[in-house]
Amino acid sequence: MALDQSFVGRTYPPTEPYEVGREKIREFAEAVGDTNPAYTDAEAAKALGHPDVIAPPTFVFSITFKAAGQVVHDPQLGLDYSRVVHGDQKFAYRRPVRAGDRLTVTSTIEAIKSLAGNDILDIRGEVHDEAGEHVVTAWTKLVARAAEEA
Amino acid sequence: MTAKISYSDVEVGTELPAQTFPVTRATLVRYAGASGDFNPIHWNEKFAREVGLPDVIAHGMFTMAEAIRVVTDWAGDPGAVVEYGVRFTKPVVVPNDEQGAVIEVGGKVAAKLDDNTVRVDLTVTSAGQKVLGMSRAVVRLA
Chain A
1 MALDQSFVGR TYPPTEPYEV GREKIREFAE AVGDTNPAYT DAEAAKALGH PDVIAPPTFV
61 FSITFKAAGQ VVHDPQLGLD YSRVVHGDQK FAYRRPVRAG DRLTVTSTIE AIKSLAGNDI
121 LDIRGEVHDE AGEHVVTAWT KLVARAAEEA
Chain B
1 MTAKISYSDV EVGTELPAQT FPVTRATLVR YAGASGDFNP IHWNEKFARE VGLPDVIAHG
61 MFTMAEAIRV VTDWAGDPGA VVEYGVRFTK PVVVPNDEQG AVIEVGGKVA AKLDDNTVRV
121 DLTVTSAGQK VLGMSRAVVR LA
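Each protein sequence line maps, in turn, to chains A and B.
Mapped onto full-length UniProt numbering, the consecutive letters of the first sequence carry residue numbers 1 to 150.
Mapped onto full-length UniProt numbering, the consecutive letters of the second sequence carry residue numbers 1 to 142.
In case anyone wonders, no lab produced these hints; they're calculated from the structure.
One thing to keep in mind: the hints can contain errors.
[Claimed, not checked] In silico DSS-like cross-links for lysine-lysine, where the CA-CA straight-line distance does not exceed 25 Å:
| # | chain 1 | residue 1 | chain 2 | residue 2 |
| --- | --- | --- | --- | --- |
| 1 | B | 108 | A | 90 |
| 2 | A | 24 | A | 90 |
| 3 | A | 90 | B | 130 |
| 4 | A | 90 | A | 141 |
| 5 | B | 90 | A | 66 |
| 6 | B | 4 | B | 108 |
| 7 | B | 130 | B | 108 |
| 8 | B | 90 | A | 46 |
| 9 | B | 90 | A | 113 |
| 10 | B | 130 | A | 141 |
| 11 | B | 130 | B | 90 |
| 12 | A | 141 | B | 90 |
| 13 | A | 90 | B | 112 |
| 14 | A | 90 | B | 90 |
Modelling step: build the complete structure from the supplied sequences, incorporating the hints.
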């Protein structure tokens, strides 16, 4: 059944702050095999003009996707999460995420579409730091595939 | 934020050094831990087949993380990336052997924009198939 269009524009409360740690950034950079010293060496990051080590561009997804769980698991919305696949992902950065950041995410449902029985959900996550400054916006498109006919 | 490539040194069509990124089952287990995405389609063959996949597949976000390295390695400063977006078009199937799969990434400057930024269009394939579509980044050069 198609999702309720009245959820378009709904904004969920900001998440509790996520504190970005140096070792978590290192772990992520190692997991993607990226040896750029800006991820692990504070001096190298400072030489590029950053106050501390920065995170790889896609690191923030772990935080925004967890926040999008508020939407995905909203019982009133009624999305069948077992049928969800990730369709598109986009980020717009004001500045890179860095060690020491305490980030909150505010998720908004930007669009709901129904196409050939699939539900398509666009979620925007606005990420702010402790000072309230915007850091990055993440757009996540989720597709809930139509259930097969019984 | 100091990219090591100068805006004035690039033109539309400038190619970035292409790279290939191997991915094995061990890579996926490690990425699952680092990212917190423990969906069993990325490590459990039985589960993957039950939901209609040919085999275990790589996390789309893993592929997205590898693809942008062609841009960040070129620019020098990963903090120079202003925008980055992809469409997940086909999964990267990762067989349970030593070789695993290989993600091949190329990029070229598609447009010169304002404020010393350029748009880079990426081509991302595995086993001859395009796995990311509309894969684009905007990066601020020196």
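Q. Which of the listed hints are not met by the structure?
A. 8
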